[in-house]
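Asks: Okay, here's what each chain looks like letter by letter:
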Amino acid sequence: MDIYRAHVLVCGGTGCSSSGSATLIERFEQKIAENGLEKEVKVIRTGCFGLCEAGPVVIVYPDGTFYSRVKPENVDEIVTEHLLKGRKVEHLVYTDHATKEQNAEKALEDINFYKHQMRIALRNCGVIDPENIDEYLAMDGYRALEKALTSMTREEVIDEVLKSGLRGRGGAGFPTGKKWQFAYNSVSDQKFVACNADEGDPGAFMDRSILEGDPHAVIEAMAIAGYAIGASIGYIYVRAEYPIAVKRLQVAIGQAEEYGLLGDNILGTGFNFHLYIRLGAGAFVCGEETALMHSIEGKRGEPTTRPPFPAVKGLFEKPTMLNNVETYANIAQIILKGADWYSSIGTEKSKGTKVFALGGKINNTGLVEVPMGTTLRTVIYEVGGGCPNGKKFKAVQTGGPSGGCLPESLLDTPVDYDNLIAAGSMMGSGGMIVMDEDNCMVDIARFYLEFIVDESCGKCTPCRVGTKRMLEILNRIVEGKGEEGDIEKLEELATTIKSTALCGLGQTAPNPVLSTLRFFRDEYEAHIKEKRCPAHHCQKLLQYVITDKCRGCTACARVCPAGAITGEVKQQHVIDPKKCLKCGACMEKCRFGAIIKI
Amino acid sequence: MKSLAELEAIRKATLSRINVRTDEKGDTTRVVIGMATCGIAAGARPVMLSFMDEIQKRQLAHVTVSQTGCVGMCRLEPMVDVILPGKEKVTYVHVKPEMVPRIVAEHIVNGRPVEEYTIGAAENA
Chain U
0 MDIYRAHVLV CGGTGCSSSG SATLIERFEQ KIAENGLEKE VKVIRTGCFG LCEAGPVVIV
60 YPDGTFYSRV KPENVDEIVT EHLLKGRKVE HLVYTDHATK EQNAEKALED INFYKHQMRI
120 ALRNCGVIDP ENIDEYLAMD GYRALEKALT SMTREEVIDE VLKSGLRGRG GAGFPTGKKW
180 QFAYNSVSDQ KFVACNADEG DPGAFMDRSI LEGDPHAVIE AMAIAGYAIG ASIGYIYVRA
240 EYPIAVKRLQ VAIGQAEEYG LLGDNILGTG FNFHLYIRLG AGAFVCGEET ALMHSIEGKR
300 GEPTTRPPFP AVKGLFEKPT MLNNVETYAN IAQIILKGAD WYSSIGTEKS KGTKVFALGG
360 KINNTGLVEV PMGTTLRTVI YEVGGGCPNG KKFKAVQTGG PSGGCLPESL LDTPVDYDNL
420 IAAGSMMGSG GMIVMDEDNC MVDIARFYLE FIVDESCGKC TPCRVGTKRM LEILNRIVEG
480 KGEEGDIEKL EELATTIKST ALCGLGQTAP NPVLSTLRFF RDEYEAHIKE KRCPAHHCQK
540 LLQYVITDKC RGCTACARVC PAGAITGEVK QQHVIDPKKC LKCGACMEKC RFGAIIKI
Chain Z
0 MKSLAELEAI RKATLSRINV RTDEKGDTTR VVIGMATCGI AAGARPVMLS FMDEIQKRQL
60 AHVTVSQTGC VGMCRLEPMV DVILPGKEKV TYVHVKPEMV PRIVAEHIVN GRPVEEYTIG
120 AAENA
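Chains as they are written, first to last, in numbering that gives the first Met the number 0: chain U, 0 to 597; chain Z, 0 to 124.
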């Protein structure tokens, strides 16, 4: 282990990997060697920094310079200027969208994006090398496990989690300590601990980033949970679609075993805990706890009724304690810093912080962690930087396919489990998708319902048939074939499905429709009665028209694939609606803003 | 399998290696070496390497080594600034690798600047 004067941290999360961070790492290593700096400067691949929109992200320490959107050809400049001569490459330094400020002299924490955040679950993401257990150890890693095994009884551990007020981060918000207590109370020759890493909500990637950036945090917490409830075997159920997360988990489990932090007689205390990875095949319903456990057992991933709850009869008919990745990521900190510290953060009934995956029409797409009780407005405008291109905010979708859309009037809602439900949505696993004036709310509802129809396992009729019928109605509406009474029919179906479906997936499936009906009923009515899409989004309900701003440059006519545009040079052109394919190519091409959608 | 003591040793050693990334708390000692053309020509690079060596040998957490440009007194290079938390900056001049262990031991570890190597001593001579 050598000391280096400078560390170059390159994000190796999924977002930055897909924008080419692996090539950057190679190039950095090569250039650093060429300049003879290999003994002075170290390149480290970290987990996600959160600001995926600005990726690939590179941070140079000790100064903490934050470079964004780094291309391979920029590497040479960073090495020869910054690392060799100590001069920052100003033009590559991250610029804040809202303030247009560069962070050149500021610490990372002072950028708007990070200022309102509080990182507990993500504390090591983007800070340590996730494939190096020593770095996790240096950040007080496995100290909580030591503390629990050597100085706390099993009851004391459960009590601490209970007192912290931590609630399940998978979405339902069940008190974690209670879950541990139920599993502890069950008597059996064998118990199991399981981790739900089958993150399936569209647009959500919190769990993925935690596993990629700080896998040991989850492993340590699962071992603590195993000690507390009396389980010697743990399973992590992770989607096969997360190859980087799976690989880092494998590496981390191997290292923990080598150090004696997993396996038999951990730290010489006589406690045994073995951890195994099970890969999910990408079915959304397998994120439901009973379906997930059937899948681990090697059976078809279908839900079954509860009770019996998993804490009584779970995996292989034995008591099982199942928590979400993000829930586990909080445990070690709670044990180390105490329940009082944790419960001082957040609101009365929702303690701690929550990680959100910000996506959609927002400037700072990425991963954020804020204390419970932060308002939606702060998350979207201060952290997220608002909607791009000066568009007007319309709604934010929280909770994935089980959640709902909240309009601008509810932006000052403090984010916690109970407030979001009262507002007509839910916390869910933490996806937050922002929509602007160009998004049609009927189409959004249709999108989520289509997802549910695809992912319904088909076991119970309300979900299998009911959601399909709802989708058919919505498809009709967006095509301009909506009829009087459709809204009422949707509402009736939704209520029935909610009260009769077998599992959480079905029971919450109508939520996107219900919440958009609640806040954007006028858009549904405009589609049905006036055959008009107020957002000019639904193709069948809009027309492209050329206004008198047209200078007759003929650019649109040349780009139109259907030959629908006619007109003389320097004369206003006309679009033939019968021939128009509504591809939008003309609107993109027009330099005068003369083409509009009506 | 690692014992508790071994884990603690790994923590300490790794922290001294990665503390360069966590320098936000103001309890860090900074060693800043002039590494412009003049500094490098006068032999700043071996000086920096010996600082890094010495810090590693002693497993000093909360010490960072970084570089800076030319401050204009090229004739005094290699120049090294040592800034202890909450203390005034001390500037050493004409630093050679063999002077480094003493600076680390007396100044960084024990808080007593090595007067005879400082810029004040050089200017008065």
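Keep in mind the hints are simulated off the structure, nothing from the lab. Hints may be right or wrong, so weigh each one.
[What the hints assert, rightly or not] Straight-line C-alpha distance at most 27 Å; calculated DSS-like pairs for lysine-lysine:
no., chain 1, residue 1, chain 2, residue 2
1, U, K84, Z, K11
2, U, K87, Z, K88
3, U, K146, Z, K88
4, U, K480, Z, K11
5, Z, K95, U, K38
6, U, K84, U, K70
7, Z, K11, U, K336
8, U, K38, Z, K56
9, U, K336, Z, K1
10, Z, K95, U, K84
11, U, K246, Z, K88
12, U, K146, Z, K95
Asks: A separate judgement is required for each hint: does it hold in the structure or not?
Replies: Results of checking the hints against the structure:
1. Of the supplied pair hints, the one linking K84 (chain U) and K11 (chain Z) is violated, its CA atoms being roughly 31 Å apart against a limit of 27 Å.
2. Distance check on the hinted pair: K87 (chain U) and K88 (chain Z) sit about 23 Å apart at the alpha-carbon level, within 27 Å; holds.
3. Simply put, K146 (chain U) and K88 (chain Z) have alpha-carbon atoms about 40 Å apart, too far for the 27 Å limit, and the pair is violated.
4. Our distance criterion of 27 Å between C-alpha atoms is broken by K480 (chain U) and K11 (chain Z), whose separation comes to about 69 Å.
5. With a C-alpha separation of about 19 Å, the suggested pairing of K95 (chain Z) with K38 (chain U) holds against the 27 Å cut-off.
6. Note on K84 (chain U) and K70 (chain U): the hinted pairing holds, with a Cα-Cα distance of about 20 Å set against a maximum of 27 Å.
7. Only pairs whose Cα atoms come within 27 Å are accepted, and K11 (chain Z) paired with K336 (chain U) is accepted, the gap being roughly 20 Å.
8. For the hint pairing K38 (chain U) with K56 (chain Z), the CA-to-CA distance comes to about 15 Å; that is within 27 Å, so the pair holds.
9. The straight-line distance between the Cα atoms of K336 (chain U) and K1 (chain Z) is roughly 24 Å, inside the 27 Å bound, and the hint therefore holds.
10. Distance hint between K95 (chain Z) and K84 (chain U) is fulfilled; the C-alpha atoms sit about 20 Å from each other, no more than 27 Å.
11. Proximity of K246 (chain U) to K88 (chain Z) is assessed by CA-CA distance (about 46 Å); at most 27 Å being required, the pair is judged violated.
12. Proximity of K146 (chain U) to K95 (chain Z) is assessed by CA-CA distance (about 46 Å); at most 27 Å being required, the pair is judged violated.
The structure fails hints 1, 3, 4, 11, 12 (numbered hints given earlier, in ascending order).
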